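Chains as they are written, first to last, in numbering that gives the first Met the number 0: chain A, 0 to 241; chain B, 0 to 251; chain C, 0 to 473.
Derived by calculation from the structure, the hints in this document are not laboratory data. Model, not experiment: these values are computed from the prediction. Just so you know, not all the hints are guaranteed correct.
[As the list claims (entries may be wrong)] Here are a few chain B residues that face chain C, going by a calculated C-beta distance under 8 Å:
no.: 1; residue: Leu120
no.: 2; residue: Thr123
no.: 3; residue: Phe175
no.: 4; residue: Asn183
[Stated by the list, open to error] Only part of the chain C face toward chain B is listed, based on derived beta-carbon distances under 8 Å:
no.: 5; residue: Phe163
no.: 6; residue: Thr363
no.: 7; residue: Arg411
[What the hints assert, rightly or not] Simulated DEER-style distance windows between Cβ atoms:
no.: 8; chain 1: A; residue 1: Arg116; chain 2: C; residue 2: Ala172; range: 26 to 36 Å
no.: 9; chain 1: B; residue 1: Arg159; chain 2: C; residue 2: Ser396; range: 33 to 43 Å
no.: 10; chain 1: A; residue 1: Arg116; chain 2: B; residue 2: Ala200; range: 34 to 44 Å
no.: 11; chain 1: B; residue 1: Thr165; chain 2: C; residue 2: Arg452; range: 26 to 36 Å
no.: 12; chain 1: A; residue 1: Pro98; chain 2: C; residue 2: Pro280; range: 26 to 36 Å
no.: 13; chain 1: C; residue 1: Ala127; chain 2: A; residue 2: Ala177; range: 35 to 45 Å
Glycine included, C-beta positions come from ideal geometry on N, C-alpha and C.
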Amino acid sequence: MSVDAKGRSGKARDEVLARIRAALSAAAPVPPPPPLPPPPAPPDLLERFARRVADYRARVTRAAGEVEVARAIAACLGREGGGRYAVPPSLPSSWLKAPAGTEFVVDRGLGPSDLARLAGSVTGCALAVAETGTIVLDGGPGQGRRAMTLVPDHLVCVVFERQIVADMPQAAAALADAMRTGPRALTWISGPSATSDIELNRVEGVHGPRRLDVVLVAGGPEDAGGRGEGRAPQPPPPSGPD
Amino acid sequence: MRVSLFVTCLVDTLYPAVGRATVRLLERLGVEVDFPESQTCCGQLHVNTGYRREALPMVGNFVRAFAQAEVVVAPSASCVALVRETYPELAEETGDPALAREATALVPRVYELTEFLVDRLGVTDVGARFPHRVAYHPTCHSLRALHLGDRPRRLLAAVRDMELVTVEGAESCCGFGGTFAIKNADVSAAMLSDKVGAILASGAEAVCAADSSCLMHIGGALVRRGAPVATVHLAQVLAGEDNVCGQRGVPE
Amino acid sequence: MRDALRPEAPFPAAARTALADATLRANLRRATSTIRRRRDQVVGEVEDWDRLRAQAAAIKDHTLRHLDRYLAQLEAAVAERGGQVHWARDAAEARDVVADLVVGAGARRVLKVKSLTTEEIGLNDVLAERGVEAVESDLAELIVQLGGDRPSHIVVPAIHKNRFEIRDLFARAMGLPDLAPEPTALAEAARLYLRERFLAMTVGISGANFLVADTGAVAVVESEGNGRMCLTLPHTLITVAGIDKVVPTFEDLGVFLRLLARSATGERMNPYTTVFSGVVPGDGPQAFHLVLVDNGRTRALADPLGRTALRCIRCAACLNVCPVYERVGGHAYGSVYPGPIGAVLTPQLRPDDEHARTLPYASTLCGACADVCPVGIPIPRLLVHLRSVAVRADEASGRLGARLAPERLMLRALGRAFAQPRQFERLQALARVMRPLGGRQGRRLPGLGGWTRSRALPTAPRRSFRRWWREEHR
């Protein structure tokens with residue numbers, strides 16, 4: 000327990016806990032509910048994720064395997080007109096083939112105002128959620144610091160098919176063990192920054208990145224060359240209505 | 000089957016035509032109707048206003064009045080909701096264990112009229128004719144407490160020569176809420192004004208519902224505005240009492 | 000200092016003022032009907048919604064029953080991860096703890112992300128007293144702050160303002176005379192206004208949507224990215240949260256994340272959710288303080304039925320469907336927690352407050368709130384329960400007795416009479432005597448409050464049902 004300099008918090012702690020115990024003294028124990036059974040996995044996790052992430056105005060670019068990631072990322076940057084993009088130090092170098100007019104800047108502790116001058120950032124992710132089109136970053140390899148994916152105006156995020164889970168409860172379960180080991184920060188991203196604060200009208204782009212590109216890769220990150228699974232590369236869909 | 004009618008204090012005192020229609024409807028469907036004369040009021044007004052202790056004598060009276068009934072039927076969703084949702088615990092609070100046991104045993108035998116018709120008798124066409132344009136107002140207790148669902152509409156759909164019109168925002172509350180209409184009269188009036196506006200816009204000649212209390216509220220505004228729309232209880236429509244539409248606002 | 004949980008007027012009086020504002024009513028109607036439609040759509044997509052709600056309710060009930068254990072576990076988990084936990088018994092203690100931390104960190108300005116709990120404890124006022132400027136970063140909170148206003152909704156604090164009002168406010172406060180009254184332009188103006196402030200701030204203050212006991216994690220759910228700014232860029236972060244925000248395990252968090260956004264904004268998921276525990280070296284704030292606030296919650300916890308209100312996850316779905324809220328807006332409730340949930344929470348957090356006692360009556364018991372509540376709070380049942388608590392409290396205090404005595408005496412007498420068929424019948428005869436008052440001619444009667452202002456009294460019939468039965472049917 001913690002006690003601040005005045006010892007005030009320690010006294011408050013004891014009293015709050017005592018009030019709680021007094022309030023519940025006559026209450027019978029309430030057992031925790033058994034966990035809900037996992038829902039049957041929808042057969043089309045990848046397609047569902049693609050649809051849902053596009054519903055919230057993220058642009059989806061397909062890649063048939065990890066070998067195509069560099070091309071897909073370059074296409075996303077090219078569409079935005081290039082510029083300087085932050086990347087985490089641990090991002091696979093094979094993903095980064097800068098098209099003309101584009102430069103990658105490795106983030107080794109860039110300050111907020113440095114980040115504000117960049118065009119965007121490129122990362123991988125920890126997992127993604129099909130039901131909501133959500134991407135989760137957990138600061139692991141290829142994902143970088145939180146500030147890096149927040150301050151620049153454009154985020155390009157690479158999601159592999161094998162990283163997609165069905166829904167929020169499954170995502171939480173998949174992240175729980177890592178969360179129990181030590182301090183950690185997760186960012187759950189569902190589409191670009193938005194607000195509905197004015198007459199409940201949804202307006203995209205307030206303080207976070209105003210544009211979100213998702214590079215959706217068939218298979219998993221370890222099997223470089225997802226063509227082995229017999230999937231044909233798909234052309235990138237037309238860009239979203241933004 | 001023998002049914003004990005719980006007519007409700009409001010219908011007994013102010014809307015006896017609704018009670019008479021309920022009796023005629025049930026008898027026409029071959030049901031024997033009994034009216035235990037020791038019944039008075041379920042205590043809803045008291046309980047919902049916070050006078051729980053003061054309601055207990057009424058709870059006792061209700062349970063004793065209907066203890067011998069095979070089935071109790073009432074033309075009121077809100078009274079049935081009160082009995083179903085709170086009587087077991089209210090009876091417990093009287094401190095009379097015998098009464099508590101009787102209340103718990105009685106509750107499953109208490110039905111709202113449309114529940115009884117559809118679920119117990121298995122009828123949706125009661126053979127009525129009602130040659131008017133009618134708006135159905137699903138009352139809050141019909142919708143969200145008893146979950147009557149489409150029962151009233153199925154019954155109404157089978158009525159001959161009747162046109163059922165749609166009312167905008169039909170499922171929103173009319174603003175009655177018992178003593179709410181007095182304690183928060185301004186908010187209540189604002190809600191009522193929107194409800195009455197929607198009913199008038201629907202072109203209905205009559206508005207019908209499963210609760211006379213909400214109809215009293217809506218009718219009060221219709222009468223005050225001199226609007227040519229009658230309020231009729233569902234039982235009156237199902238009994239085919241089309242003469243009620245000749246009157247304005249409050250049928251009696 | 001004003002207590003944000005004590006209404007300045009009884010509800011009926013505050014509601015009357017609000018009803019007189021036609022713009023307000025139009026704004027509320029438009030906004031709440033939009034959000035209702037969106038919510039129904041995305042909730043309808045989830046097949047096992049009812050099971051999910053039941054699960055969330057069961058998790059909350061279990062947590063509340065063992066709240067002492069989970070708070071201790073949370074505290075240990077936060078400390079293990081480099082954070083520091085502080086406790087506050089009431090609002091004054093909470094704001095002092097936070098203000099001491101801010102002043103101790105040497106900050107003259109702090110960045111805030113929308114937090115009801117900091118509104119509840121009146122934090123901004125005490126910071127101002129101590130020379131610290133609080134910058135609200137949420138668009139709606141900014142609208143409220145620049146307008147010297149108060150939030151009127153739990154999720155959309157400026158729901159009472161329309162785009163034209165907001166345009167005028169921003170044009171004045173930001174010096175932008177040519178600003179267009181379009182949501183896109185207004186959001187862009189807020190972005191530019193806050194951008195510099197975000198990048199330079201050293202202390203951030205947030206609330207929390209959830210606290211997770213087994214991992215010490217704090218979850219902050221938001222849309223704009225201002226929350227991420229506030230939780231990521233400053234060196235020091237102070238999170239203020241009620242003790243009711245805790246859930247046991249990280250797995251439990253998944254259940255609530257599936258429910259919250261759909262219920263709150265009608266989205267499948269809100270754009271950004273930050274979940275962090277303690278201090279992450281090299282990423283985000285390097286000093287973290289969590290302030291746990293009671294401020295009346297343990298009083299609600301003591302009431303077996305009343306404690307179900309502490310399941311609340313502040314989604315505001317009950318506000319958006321409430322016909323009373325839609326007519327009067329949030330300010331009429333006089334508490335930082337408006338709407339149906341506020342009507343059951345406020346009088347429990349401040350049971351001694353006479354105005355708060357009028358809130359449980361601010362409902363027709365229409366039940367729309369209970370239908371949409373994602374954690375199954377039986378709000379109508381709680382309202383009725385708290386009405387009887389209010390009746391008993393008035394009785395015991397004797398203060399309000401004078402005003403409410405006629406009602407109490409009448410209902411008590413009616414209760415006794417209605418329990419006896421013979422007396423009941425005598426009262427029916429009285430209704431017949433009052434017959435001339437009913438119908439179209441019947442006019443305003445002082446004893447019946449506002450009923451007769453807009454409604455005619457019913458005309459009693461010549462013969463009651465029971466007399467007809469006796470005389471003609473039996």
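Tested hints:
1. Leu120: violated, 21 Å
2. Thr123: violated, 25 Å
3. Phe175: Given a least distance of 6 Å, the restraint on Phe175(B) holds.
4. Asn183: For Asn183(B), the interface hint holds, since the closest Cβ of chain C sits about 5 Å away, which is under 8 Å.
5. Phe163: Interface hint status for Phe163(C): violated (23 Å vs cutoff 8 Å).
6. Thr363: holds, 3 Å
7. Arg411: Interface hint status for Arg411(C): holds (5 Å vs cutoff 8 Å).
8. Arg116(A) to Ala172(C): 26 to 36 Å: At 27 Å between Cβs, range holds.
9. Arg159(B) to Ser396(C): 33 to 43 Å: violated, 60 Å
10. Arg116(A) to Ala200(B): 34 to 44 Å: violated, 58 Å
11. Thr165(B) to Arg452(C): 26 to 36 Å: holds, 30 Å
12. Pro98(A) to Pro280(C): 26 to 36 Å: holds, 35 Å
13. Ala127(C) to Ala177(A): 35 to 45 Å: holds, 41 Å
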